[in-house]
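Protein chains: 2
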Amino acid sequence: MRQRELRHFFIQKHPSGGDRMRELSVELSAESDRPLYEQIYEGIKKEIIRGNLKEGERLPSTRYFAGYLEVSRSTVELAYDQLVSEGYILSEACRGYFVCDIGELCDLEESDVEKKTERMQEKTKDTVKKRQEYRYDLSPDSVDLSYFPFKEWSNITRELLLDQGDRLLMSGNPAGDENLRESIAKYLHRVRGVNCRAGQIIIGAGNEYLQMLLSQILGNRQKIAMENPTYLPAYLTFKNLGYEVTPVKLDQDGICISSLEEAGADVAYVMPSHQFPTGVVMPMRRRLQLLSWAMAGEDRYIIEDDYDSEFRYRGKPIPSLQGNDRLGKVIYLGTFSRSIAPALRVSYMVLPEKLLERYRERCGFYASTVSRILQNTLYEFMERGYFERNLNKMRRIYKKRHELLIDCLKQCEWCRDIFGEHSGLHLLVRTDPKLSEKQILEGCGKEGILIRGLSEYDITKKERGKDPVLILGYGALKEEEIPGAVDGISRILR
Amino acid sequence: MRQRELRHFFIQKHPSGGDRMRELSVELSAESDRPLYEQIYEGIKKEIIRGNLKEGERLPSTRYFAGYLEVSRSTVELAYDQLVSEGYILSEACRGYFVCDIGELCDLEESDVEKKTERMQEKTKDTVKKRQEYRYDLSPDSVDLSYFPFKEWSNITRELLLDQGDRLLMSGNPAGDENLRESIAKYLHRVRGVNCRAGQIIIGAGNEYLQMLLSQILGNRQKIAMENPTYLPAYLTFKNLGYEVTPVKLDQDGICISSLEEAGADVAYVMPSHQFPTGVVMPMRRRLQLLSWAMAGEDRYIIEDDYDSEFRYRGKPIPSLQGNDRLGKVIYLGTFSRSIAPALRVSYMVLPEKLLERYRERCGFYASTVSRILQNTLYEFMERGYFERNLNKMRRIYKKRHELLIDCLKQCEWCRDIFGEHSGLHLLVRTDPKLSEKQILEGCGKEGILIRGLSEYDITKKERGKDPVLILGYGALKEEEIPGAVDGISRILR
Numbered sequence: 004m005r006q007r008e009l010r011h012f013f014i015q016k017h018p019s020g021g022d023r024m025r026e027l028s029v030e031l032s033a034e035s036d037r038p039l040y041e042q043i044y045e046g047i048k049k050e051i052i053r054g055n056l057k058e059g060e061r062l063p064s065t066r067y068f069a070g071y072l073e074v075s076r077s078t079v080e081l082a083y084d085q086l087v088s089e090g091y092i093l094s095e096a097c098r099g100y101f102v103c104d105i106g107e108l109c110d111l112e113e114s115d116v117e118k119k120t121e122r123m124q125e126k127t128k129d130t131v132k133k134r135q136e137y138r139y140d141l142s143p144d145s146v147d148l149s150y151f152p153f154k155e156w157s158n159i160t161r162e163l164l165l166d167q168g169d170r171l172l173m174s175g176n177p178a179g180d181e182n183l184r185e186s187i188a189k190y191l192h193r194v195r196g197v198n199c200r201a202g203q204i205i206i207g208a209g210n211e212y213l214q215m216l217l218s219q220i221l222g223n224r225q226k227i228a229m230e231n232p233t234y235l236p237a238y239l240t241f242k243n244l245g246y247e248v249t250p251v252k253l254d255q256d257g258i259c260i261s262s263l264e265e266a267g268a269d270v271a272y273v274m275p276s277h278q279f280p281t282g283v284v285m286p287m288r289r290r291l292q293l294l295s296w297a298m299a300g301e302d303r304y305i306i307e308d309d310y311d312s313e314f315r316y317r318g319k320p321i322p323s324l325q326g327n328d329r330l331g332k333v334i335y336l337g338t339f340s341r342s343i344a345p346a347l348r349v350s351y352m353v354l355p356e357k358l359l360e361r362y363r364e365r366c367g368f369y370a371s372t373v374s375r376i377l378q379n380t381l382y383e384f385m386e387r388g389y390f391e392r393n394l395n396k397m398r399r400i401y402k403k404r405h406e407l408l409i410d411c412l413k414q415c416e417w418c419r420d421i422f423g424e425h426s427g428l429h430l431l432v433r434t435d436p437k438l439s440e441k442q443i444l445e446g447c448g449k450e451g452i453l454i455r456g457l458s459e460y461d462i463t464k465k466e467r468g469k470d471p472v473l474i475l476g477y478g479a480l481k482e483e484e485i486p487g488a489v490d491g492i493s494r495i496l497r
Numbered sequence: 004m005r006q007r008e009l010r011h012f013f014i015q016k017h018p019s020g021g022d023r024m025r026e027l028s029v030e031l032s033a034e035s036d037r038p039l040y041e042q043i044y045e046g047i048k049k050e051i052i053r054g055n056l057k058e059g060e061r062l063p064s065t066r067y068f069a070g071y072l073e074v075s076r077s078t079v080e081l082a083y084d085q086l087v088s089e090g091y092i093l094s095e096a097c098r099g100y101f102v103c104d105i106g107e108l109c110d111l112e113e114s115d116v117e118k119k120t121e122r123m124q125e126k127t128k129d130t131v132k133k134r135q136e137y138r139y140d141l142s143p144d145s146v147d148l149s150y151f152p153f154k155e156w157s158n159i160t161r162e163l164l165l166d167q168g169d170r171l172l173m174s175g176n177p178a179g180d181e182n183l184r185e186s187i188a189k190y191l192h193r194v195r196g197v198n199c200r201a202g203q204i205i206i207g208a209g210n211e212y213l214q215m216l217l218s219q220i221l222g223n224r225q226k227i228a229m230e231n232p233t234y235l236p237a238y239l240t241f242k243n244l245g246y247e248v249t250p251v252k253l254d255q256d257g258i259c260i261s262s263l264e265e266a267g268a269d270v271a272y273v274m275p276s277h278q279f280p281t282g283v284v285m286p287m288r289r290r291l292q293l294l295s296w297a298m299a300g301e302d303r304y305i306i307e308d309d310y311d312s313e314f315r316y317r318g319k320p321i322p323s324l325q326g327n328d329r330l331g332k333v334i335y336l337g338t339f340s341r342s343i344a345p346a347l348r349v350s351y352m353v354l355p356e357k358l359l360e361r362y363r364e365r366c367g368f369y370a371s372t373v374s375r376i377l378q379n380t381l382y383e384f385m386e387r388g389y390f391e392r393n394l395n396k397m398r399r400i401y402k403k404r405h406e407l408l409i410d411c412l413k414q415c416e417w418c419r420d421i422f423g424e425h426s427g428l429h430l431l432v433r434t435d436p437k438l439s440e441k442q443i444l445e446g447c448g449k450e451g452i453l454i455r456g457l458s459e460y461d462i463t464k465k466e467r468g469k470d471p472v473l474i475l476g477y478g479a480l481k482e483e484e485i486p487g488a489v490d491g492i493s494r495i496l497r
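Note that the protein sequences, when read in sequence, are chains A and B. Residue numbers for the first sequence follow the working numbering, so the first one is 4 and each next one is one higher. Residue numbers for the second sequence follow the working numbering, so the first one is 4 and each next one is one higher.
Be a bit skeptical, because a hint or two may be false.
Put simply, identical chains are the same to the list, so a pair is met inside one copy or across any two.
What the hints assert, rightly or not - With a Cα cut of at most 27 Å, we get these calculated BS3-like pairs of lysine-lysine:
(1) K226 - K242
(2) K242 - K357
(3) K189 - K48
(4) K49 - K189
Quick caveat, the hints were computed from the structure, so don't treat them as lab data.
Build out the structure end to end from the sequences listed, making use of the hints.
Here you go:
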């Protein structure tokens with residue numbers, strides 16, 4: 004072929020009578036990265052877009068054009084095929100190739116495309132608040148991963164990939180792999196008193212995803228009652244899913260049953276074993292009242308979010324509400340976000356049999372949102388005992404932090420009251436009301452201390468006139484950092 | 004302490020005047036697996052549940068009870084604490100511990116709990132159709148993973164876990180990690196002609212999850228037009244999300260614009276580069292008409308599902324519709340299910356700027372559904388060139404299968420017409436109408452051949468009177484299996 008030069012050839016006009024001589028330029032280069040057929044394709048496409056080749060015009064035959072360009076005939080055929088596929092030209096049997104009507108394509112010039120491409124260079128604007136920028140991270144959802152057995156986890160993943168990779172990359176059970184669901188069912192039964200078969204467990208990538216599934220199982224006409232204050236992502240998810248959400252007040256035993264009755268809700272979303280953010284533990288009597296509420300209506304359900312019951316520092320964990328439910332009224336939600344790590348993205352729900360039926364009918368076709376490699380790594384991690392060993396280790400570590408934090412706080416004059424401290428990875432502190440909660444949080448922020456305030460979790464958004472309440476998380480706070488962090492808060496509150 | 008014997012002690016009645024002597028049995032054993040405090044806790048709890056201890060009765064003081072049981076006082080304190088937490092008893096300052104009103108708890112006997120537990124033993128009923136049971140798997144969504152570079156993938160995961168595990172297990176950007184989104188943006192631009200910044204890309208665990216997000220971004224009041232036949236999971240997902248879905252007919256160029264106009268839809272869901280299941284490729288003119296349709300209404304959008312455009316056997320892939328969209332009308336959906344594996348569960352969508360705003364406002368708080376370890380493994384897999392190398396290898400392998408399958412089919416009398424064969428991992432065959440499509444599929448099933456028929460994907464569910472059309476996937480079919488599979492089909496159709 005001839006290199007780096009403009010090629011001209013003649014083309015015959017169609018379908019009007021006489022043939023007309025036309026020029027078409029195709030730039031070919033043997034040194035280009037692009038294959039020859041692509042260069043021919045691009046050249047013709049450009050001519051069509053520019054309007055130099057018009058609807059109905061016939062392209063030269065592949066044989067003639069190949070000879071003219073000094074390339075093989077199949078190269079030209081490939082270019083024509085591509086143009087046919089994309090609808091620039093069409094092939095008519097025994098007659099040849101003709102330019103199609105491409106309408107307003109003409110104004111889609113390359114320059115335009117390039118202009119848009121520039122934006123690709125732009126940096127992602129998304130600004131995610133960086134926790135690393137704070138000196139002390141006391142947010143309630145942080146965990147400490149420095150003790151995690153990465154090597155063991157990674158060895159399991161490796162074994163699985165090399166031994167069963169091709170199996171584990173093919174679609175599995177939509178509800179989650181059976182082995183992992185069996186392990187979770189056993190764990191929940193033993194540790195949380197949950198009564199379920201593995202078949203009732205649905206694994207999903209995070210609680211919000213499971214809420215999205217639930218909304219398809221329950222429908223979204225229901226009214227959902229939520230404890231106020233509550234876990235905001237769950238609230239926002241229900242709102243996004245089109246639910247009417249009614250805040251229900253909490254007393255020292257958890258959700259107020261009389262307020263729940265008044266709310267006229269169909270579904271109650273509660274955290275009985277450790278309410279977020281208040282730390283309230285619902286006593287048995289209130290639990291039974293709540294179950295009675297649910298039993299009073301056929302379509303009433305309780306969603307029990309048991310998000311961090313693994314961490315309890317005195318006595319054994321309080322059994323789940325689901326364990327007391329005999330009529331299939333409780334939907335149990337759990338997660339590995341606290342017990343392993345937030346970015347693992349493995350949550351699970353236990354559906355009562357009636358809802359399980361609906362899940363199968365309506366949602367049974369959704370492939371699991373958790374990769375099977377991850378599911379099976381987690382299964383082996385649990386079966387080989389790493390999961391509980393790691394939990395026990397972390398419980399000891401968090402317990403020390405918990406005790407030290409309380410010791411330090413007790414020495415502070417501004418610390419009026421500590422509550423919600425029996426489990427989880429955070430506690431609450433009522434301070435004296437010289438400064439507003441907002442002022443305290445802002446002041447701490449400037450000192451490089453990330454903390455949250457109770458009123459941030461109030462879904463009614465009513466300004467609280469009461470004493471400020473700080474939420475102090477110690478999941479990510481090393482023991483040696485605790486005195487410094489408390490001192491920092493003291494500087495603001497002095 | 005004394006071992007293995009029943010312990011009796013006296014308890015004082017409260018609040019009525021005179022104290023009454025009462026008996027309470029707590030069985031303690033030093034050989035038990037359970038810690039002493041738990042045995043005490045269980046003993047008292049049982050008595051409360053059985054109604055032997057009634058509301059208002061006072062428990063012995065921790066000091067007295069510890070002395071009586073010959074255990075340390077802190078052991079009894081722990082047991083009481085647990086009972087307090089669970090709401091069986093309450094502590095009154097300076098007065099002691101009292102039994103709470105536990106209402107109808109009495110009928111929650113242990114036997115009841117055990118009965119439920121039996122069900123746990125039951126095998127999971129979920130019946131997932133097992134592909135392995137078929138001799139030949141010609142379903143259109145299968146891929147071949149036997150060539151996948153598991154070792155390289157596993158090495159990357161290992162490196163990441165050991166070097167940055169603690170970072171990668173903490174929450175990342177909700178839309179997906181920036182590095183992976185940059186890689187996808189570059190890849191899409193180069194290979195699919197998609198014009199976007201990385202910031203417009205949202206990574207999610209599967210297309211259905213992204214549809215769930217989209218429904219929250221768009222709202223679900225719209226009417227969605229879908230090509231008929233279409234990809235059923237997408238259709239069912241929209242139905243589940245509460246959308247009105249209107250089927251729109253297809254001609255040889257794809258979705259009919261006049262029918263689309265008539266449908267009065269707001270959103271059109273299309274697969275322009277390779278329609279599933281028909282294999283139709285939408286030519287440029289139709290694409291521009293479709294874009295014009297979208298431009299005619301402010302809230303009109305096109306969802307472009309570009310699910311398997313990676314596999315095209317002649318010429319280069321046809322650029323995306325999104326690449327021609329200058330007004331932000333196209334929502335682009337892509338997946339690694341075909342290019343890597345179905346159970347990887349990584350999909351992505353490219354949002355126009357206007358919808359990106361809405362995503363940030365409404366859905367910005369959802370943590371990514373894809374674990375960061377997986378996201379970063381995929382990023383390295385792409386950056387180190389494994390992704391494209393693997394794709395190129397698979398394209399060659401699939402191409403050979405594609406050619407051999409066509410060769411075999413052309414020798415079959417029953418094969419009237421082959422179409423939709425230019426890309427993807429399946430093709431369509433029109434057979435002679437001696438047998439109905441259903442009869443053919445059932446016959447093949449009995450022969451151990453898994454195939455699909457075109458009418459299975461018809462969302463209007465109208466019985467087609469026309470010739471049966473078979474969908475033959477060759478993703479999971481080894482070259483050496485192809486003649487046998489075609490022979491098997493021939494035995495049914497002879």
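Each hint, compared with the structure:
For a Cα distance limit of 27 Å, the shortest separation of K226 from K242 qualifies both inside one copy, at 11 Å, and across copies, at 21 Å. In this assembly of identical chains, the alpha carbons of K242 and K357 lie at most 27 Å apart whether taken from the same copy (25 Å) or from different copies (21 Å). Only between protomers do K189 and K48 lie at most 27 Å apart by alpha-carbon distance; the minimum there is 23 Å, versus 63 Å within a single protomer. Within a single copy, K49 and K189 get their C-alpha atoms only as close as 65 Å, which misses the 27 Å cut-off; across copies the closest is 23 Å, which meets it.
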